[in-house]
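Participant: The task is simple: from the sequences and hints, build the whole structure.
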Amino acid sequence: MIPRPIQRLIDDFQKLPGIGPKSAQRLAFYTLRMPVTEVEKFAQNLVKAKSDVTMCSICKNIDESNPCSLCTDSTRQEEIIAVVSTPLDLVSMERAGFKGKYHVLHGIIDPLNGIDPEELYIDDLVTRIADLIKSLDAISKPIIPELILALSTSLEGESTALYISRLIRDKFSVDQVKITRLARGLPVGGDVEYADEVTLSKALEGRVSI
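Everything in the sequence shown is counted per full-length UniProt numbering, starting at 1 for the first residue and increasing by one.
Do not rely on the hints blindly, as some may be mistaken.
List time: in silico EDC-like cross-link candidates among lysine to aspartate or glutamate, alpha-carbon distance up to 16 Å [unchecked claim]:
1. K50 <-> D63
2. K141 <-> E156
3. K134 <-> E119
4. K134 <-> E78
5. K48 <-> D73
6. K22 <-> E38
7. K141 <-> D175
8. K178 <-> E78
9. K134 <-> E79
10. K141 <-> E79
11. K99 <-> E146
12. K99 <-> E79
13. K99 <-> E205
14. K171 <-> D131
15. K178 <-> E146
16. K171 <-> D124
17. K141 <-> E78
18. K134 <-> D175
19. K99 <-> D131
20. K22 <-> D12
21. K171 <-> D123
22. K178 <-> E40
23. K50 <-> E64
24. K48 <-> D63
25. K171 <-> E146
26. K99 <-> E78
Each pair of labels, with its calculated beta carbon distance range [what the hints assert, rightly or not]:
27. N66 <-> N45: 19 to 27 Å
28. T37 <-> K15: 23 to 31 Å
29. G114 <-> L32: 33 to 41 Å
30. Q14 <-> V91: 57 to 65 Å
The hints are simulated quantities; they were obtained by calculation from the structure and are not laboratory data.
Positions of the beta carbon are idealized from the N, C-alpha and C atoms, including for glycine.
Facilitator: Structure below.
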């Protein structure tokens, strides 16, 4: 019989993605073997990460400031926006050398798991594109904004990309915004998060219009 305090710890670890019962048990018992000072430091870092990080009101990335450091970076190409599903996908895009701006959906459309379009930051994306078009028109900048759908090639990722592309195209003409997808350098069903830098960089370079 596992003591209740340990079982509660196991249950908490099991709430983490990708952690099953056995892994949760190993993590719990490993934590018990750690020095008290290390456990306290670990707990403090968890609380600090939760309290000191906020969501960017513009791109929905997580950062220490709002707007985030990427949105306030004037050296980045503001007219190119990469749509990613998670902040980890954004990190992968950064490693691949992407120099535009981002928009984080915080998920993909997955009705079987109760994730509908309304659960994601898609409406914010539409508003952002409209604002970008207006700002470029105001300064007479002859550039057509580009929206890169940098989503996974899973069924859910493809469905999300199709939904967004149709929504954007219903509201904006091809002369107002260009929509592209990453080239097929990514394996079918592959997640952006796990793509290596070279593969993702090539997929970016060879992106195609949709």
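Participant: Evaluate each hint against the coordinates.
Facilitator: We went through each hint and held it up to the structure:
| no. | hint | result |
| --- | --- | --- |
| 1 | K50 <-> D63 | 11 Å, holds |
| 2 | K141 <-> E156 | 36 Å, violated |
| 3 | K134 <-> E119 | 27 Å, violated |
| 4 | K134 <-> E78 | 13 Å, holds |
| 5 | K48 <-> D73 | 25 Å, violated |
| 6 | K22 <-> E38 | 23 Å, violated |
| 7 | K141 <-> D175 | 13 Å, holds |
| 8 | K178 <-> E78 | 14 Å, holds |
| 9 | K134 <-> E79 | 12 Å, holds |
| 10 | K141 <-> E79 | 10 Å, holds |
| 11 | K99 <-> E146 | 13 Å, holds |
| 12 | K99 <-> E79 | 11 Å, holds |
| 13 | K99 <-> E205 | 12 Å, holds |
| 14 | K171 <-> D131 | 13 Å, holds |
| 15 | K178 <-> E146 | 5 Å, holds |
| 16 | K171 <-> D124 | 14 Å, holds |
| 17 | K141 <-> E78 | 12 Å, holds |
| 18 | K134 <-> D175 | 13 Å, holds |
| 19 | K99 <-> D131 | 20 Å, violated |
| 20 | K22 <-> D12 | 13 Å, holds |
| 21 | K171 <-> D123 | 12 Å, holds |
| 22 | K178 <-> E40 | 50 Å, violated |
| 23 | K50 <-> E64 | 10 Å, holds |
| 24 | K48 <-> D63 | 13 Å, holds |
| 25 | K171 <-> E146 | 15 Å, holds |
| 26 | K99 <-> E78 | 9 Å, holds |
| 27 | N66 <-> N45: 19 to 27 Å | 21 Å, holds |
| 28 | T37 <-> K15: 23 to 31 Å | 25 Å, holds |
| 29 | G114 <-> L32: 33 to 41 Å | 35 Å, holds |
| 30 | Q14 <-> V91: 57 to 65 Å | 25 Å, violated |
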